[in-house]
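**Q** For reference, the chains in residue letters:
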Amino acid sequence: MGPLIINDIISQNTNFFLAFIIGIGFGFVLESSGFSSSRKLAGMFYGYDTVVLKVFFTAALVAMVGLLFMSLFNWIDLDMVYINPTYLWSTIIGGAIMGAGFITGGFCPGTSFCAASIGKIDAIFFIGGMFLGIVIFAEAYPLLEPLYKGSFKGTPTLPQALGLKDGVVVLGIIIVALGMFWVGEWAEKKFPREEY
Amino acid sequence: MKPRLYLALIIIPLGLILAAVPANTTHPYKLSPQDLLEHVNSGMQYFSPDEVAHMLVSKDPSLVLIDVRSEDEYEKFHLPGAINIPLSSMLEDQWKDYINQDLRYNVFYSNGTVNSNQAWMLTRQLGYQNNYVLQGGLNYWVETIINPTAPPSTSPDEEIAKYDFRKGAGQALGGGAVVESSTQPAPALPKIAPRPKKKRVEGGC
Amino acid sequence: MSESRKPIKKTRYINPYLGGVLLGLVLIAANFVSGRGLGASGAAKSAVVATVNTVAPGHAENAQFFREYNASHPQGPMKAWLVFQMLGVIVGAFLSGAIFNRLKFKVEHSPKITSKRRIIFAVIGGILFGFGSQLGRGCTSGSALSGMGVLSLGGFISMAFIFGTAFALAWFFRKNWI
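Protein chains in written order, with the working numbering: chain A, 1 to 196; chain B, 1001 to 1205; chain C, 2001 to 2178.
If we strip away everything but chain A, and leave its shape as in the complex, we get (with noise of 0.2 angstroms):
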């Protein structure tokens, strides 16, 4: 059955219009989280203010259940969903670059378009950086292409890496990222800071 446009199911055009559907999803849910302000995302690394840690590993613990149960019922075709592949130097690299941003910058692509769109002027001048950036990589590219295009692992999942089956390692998923929510309730505690 799924996924839609995959199987013909739904036209292009359709997809692009559920597209925007599924963006002021992601958006209200965003904004309603707390996550269009950068001193509450920044509170992530300062154990003030978790609710990154919260809602993004509440959200993918839900994907990755979800996902799974839906193709247990042939609902969806899990070979068909896009795996992002795994250049892993640039991966970690970049990886790295975009943390140094966001402690710098306070925000990430998706959440300081929310920012902007309530009116943070200090995520507008974000959005401006973020543009500077991806020309600045557009004119470096001939440069770091053998980075970019390098050590290329073809797509492969954790499960896949591991060795182990997709519910195990999602069972194990689950039971770190409730530890870890513990540790973040822990540190609201002994680091609380009136909310921004």
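Worth flagging that the hints you see were computed from the coordinates, not collected in a lab.
You may find that some hints are simply not true.
[As the list claims (entries may be wrong)] The calculated lysine-lysine pairs, modelled on BS3-like cross-linking and capped at a C-alpha distance of 25 angstroms, are: (1) C:Lys2106 to C:Lys2116; (2) A:Lys190 to C:Lys2112; (3) A:Lys189 to C:Lys2175.
Quick caveat, the model's predicted, so the values are computed rather than measured.
Once you've looked at the hints, dock chains B and C against the given chain A.
**A** Just chains B and C now, with coordinates in the frame of chain A:
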């Protein structure tokens, strides 16, 4: 009760169920014989020699040529940059990342088109995308790219331009190389349909 | 939209676990409909390419990055799933801001720093994030969250390195936030 505990109470049992049941390995996506026939008739699986020559000359990184003939034949002659995946070993695990990917165009070729079409058929059945066949195989490649016949001087300009391109490309890509021609005569060429859109969606953030 | 800032209650936002469950459902919907996850920086890339195509078409033909992008997107950079999704995000966030009474122009910063300093750091952070998201093939939502949702190894690696680096550098930037 804390929301965290609610979450734990719901999600841990679900995780236990997932860990206990066997994973679903059946694929609802199956190619019906009608679909396959339609695909074959439309000629959508073909890349013409001109297209391939264009991509080779411009060093297009999205092209991957896959020689499905035996290793010996590959050693004797192969197209520039081609990799060798003999049809008989196509389903081995080591080739999976090559034939099941969504980044590049794989173009299978053999002497004629029989083996390359079989390779294409296999990958279609598995649901892999982005695999194509070199129209007419190596025989037709030699005819069109390596030893093109000049069109009569009265031909329209496009024909002349095509010929000039083929001649140039043939020289650039190692003109004059001799190909073991198979005994069968070059088969009638199927028509080529416009490249279909990639079906697996492109991701990235 | 003038909200009194005196009594700040803890209930201004929805419960994070509820938010997470809702976000997970949105992610499942995206995968079910389109076989892909959510994203943000891809839309920014589309906008950059579209701008360059319009402003400097000659450059778009010469520079390798734009040439490859345009070759792989024959319908044009703006006719992309993520662009439509991102337009939805802007609308959705605005709706939420309107409902919960948070629409207000302001520069949010720690009382210890000036607005100017905050904006300078926001631009630097934006540049780093823009660059890193291209190199790492996706940002927090596209690579880390969506990748983890489908159990992709790449998703876990980028999550670990985004948050790991941010934690490692947090001490140096504490004045900006606390």
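**Q** Is C:Lys2106 close enough to C:Lys2116, meaning Cα to Cα at most 25 angstroms?
**A** Roughly 12 angstroms separates the two Cα atoms, so the pair holds.
**Q** Taking only the CA atoms, is the gap from A:Lys189 to C:Lys2175 under or equal to 25 angstroms?
**A** Holds, at roughly 21 angstroms.
**Q** Please verify whether A:Lys190 and C:Lys2112 have alpha carbons no more than 25 angstroms apart.
**A** holds, 22 angstroms
Going through the hint list in order, the structure satisfies each hint without exception.
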